[in-house]
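Undergrad: Listed below are the residues making up each chain.
Protein chains: 2
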Amino acid sequence: MQKVTKLDRVPTIEDIQLTHETILPYIHRTPVFTNQSINELTQAKLYFKCENFQKIGAFKMRGATAAALALSKEEVERGLATHSSGNHAQAVASIAKNLNTKAYIVMPSNAPVIKKQATAGYGAEITLCEPTQEARETTLAAILARTGATFIHPYDNYNVIAGQASAAKELIEDSPILDAILSPIGGGGLMSGTALATRYFSPTTKIYGTEPEAVNDAFRSFQSGKIEVNSSTNTIADGLKTNTCEKTFGIIQSHLQAIFTVSEEEIVSAMRLIWERMKIIIEPSCAVPFAAVLKHKELFINKKVGIILTGGNVDLTQLPFTKF
Amino acid sequence: MQKVTKLDRVPTIEDIQLTHETILPYIHRTPVFTNQSINELTQAKLYFKCENFQKIGAFKMRGATAAALALSKEEVERGLATHSSGNHAQAVASIAKNLNTKAYIVMPSNAPVIKKQATAGYGAEITLCEPTQEARETTLAAILARTGATFIHPYDNYNVIAGQASAAKELIEDSPILDAILSPIGGGGLMSGTALATRYFSPTTKIYGTEPEAVNDAFRSFQSGKIEVNSSTNTIADGLKTNTCEKTFGIIQSHLQAIFTVSEEEIVSAMRLIWERMKIIIEPSCAVPFAAVLKHKELFINKKVGIILTGGNVDLTQLPFTKF
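So the sequence lines, in the order shown, correspond to chains A and B. With the numbering used here applied, the first sequence closes on residue 387, and no number is skipped along the way. With the numbering used here applied, the second sequence closes on residue 387, and no number is skipped along the way.
Since the hints were derived computationally from the structure, they do not count as laboratory data. Do not rely on the hints blindly, as some may be mistaken.
A partial selection of chain B residues facing chain A, derived with a Cβ cut-off under 10 Å [what the hints assert, rightly or not]:
# : residue
1 : Y110
2 : I177
3 : T385
Just so it is clear, CB atoms sit at the ideal spot from N, CA and C, and this is done for glycine as well.
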């Protein structure tokens, strides 16, 4: 099989095609679900890409796998490393296990026990640190120096972006021609991948980003034209607290039609509708694009709309449904 | 299309084939899911028939549709009726709406608000009664006398049994040859349909029933050879509180290998595993067969095992995951 290379530029259509072929043996091609009752409610035709059914329960498996498979044999042998409290940690741990190498994961000491357990379950070596960005980075730097492992950043990496793009590519392949596609924006890896795949494989489809109001850095960046940062991380959508970076924001800025923001209550209400009507478990983060469709219903009436459901890793003892 | 007739005998293979063809335009052919992590845990290969994705969120849509489509045009015009606090009420209401006729549903006054709303949402006329079996029956009898509507019993009806059989038929068609198949037993409609479909379409497959210990009427009936009844209905598996009847128990007695019972804690633990690993929402009732596989792991090691996931209608504000 032709090997995908390390990318130092915005992924081309060929990069995304090759990346997709390369990672396919390591990921699930997840189904696209539709739901009559939700279509009646929105008066649109919604196509949900179910990355909650992806390996490790989230799309992050795609990007981490793409980055890992772009490394040399020697690099793989020295191991993979990252800092993450969430799905990216599990994704790096899982692909390292698949490639028969070590994963070194730096996690903040306050990360949920279930996330630590899940990551350890893939055989990763976990190093706990203070729950600050600085502590994460210095702890990781020490590990990289000691082990020679390669840092796989969750989104500031063009191979990761090309990997995340494969979710929208599959959604486009498995749906009728979409009028619009929506993703949530955290660090922007999925959003920029979605934007590229849509521009390349379905050029007439409008591309929308979505964010919680509470962490609307991308929304403000899109308005101001430069990278803005969040001053708070107070949202239930725990996957969307991060800020974008130059690589992801550059792509977002070039290809998005608009970015919508939604309130915490709108997120929980949309999440609940998907749980109740579709009978699938999704994280708060992936209710954000659906909440945006509900909020801007008039824009999507009679349209075919693709939505990436990013993951399904939630703590069942800490559900938000009695809050609102 | 050849019309299915009212059945006054145990459904034959042809009855089930014809019933399946007849109801197909009105139901979803639901997917069969597998899950690597659950297979590793059980050391078996499990094939889950996802009736939680069925219309109205449960397999009951199959049986109610089969019974309704066996009626004459005049009978359909006079309307459909039943008493039920759960999924069967929604199923009758939904097929009545599809057939453009009335549904008269008797519900106990203590039925959950969401169930009443869902049933009313299909345009059914709901009559509330005291929460006793007697009140349900006399209230329904008065409605039948007044309207001329036809009572569609949730399981004491061979057309309903033939309809429920279509779930196992599809599971068998969409899986490799199964070593075993498991269903839960409430009134026995799904169990007897599953037994017939398996005997007809996969004769080498062993057929197991499963029940909560707290409502083990079928288990005791299977031992004693006569219909036993529950003295309590104190189980989280709210779909399994009913007793079997002559029609369903006759089939169960003839075809089942064994009936397994599981505790309330085993049900919640199995339900939680399916939610967490498979990212799908299932009712407590359909965790019962999976709980039985976990409990009798040694019986199923390296076997291909089919499990009917019966439905996904749960109250998200009343989840059991913090109880155990």
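Undergrad: Let me know if the C-beta of Y110 (chain B) comes in closer than 10 Å to any C-beta of chain A, holds or violated.
TA: Cβ of Y110 (chain B) sits 16 Å from chain A, so the hint is violated.
Undergrad: Would the hint on T385 (chain B) be counted as holding, given a Cβ-Cβ threshold of 10 Å to chain A?
TA: Holds, about 5 Å.
Undergrad: Holds or violated: is there a CB of chain A closer than 10 Å to the CB of I177 (chain B)?
TA: holds, 9 Å
Taken one by one, the earlier hints fail for this structure only at number 1.
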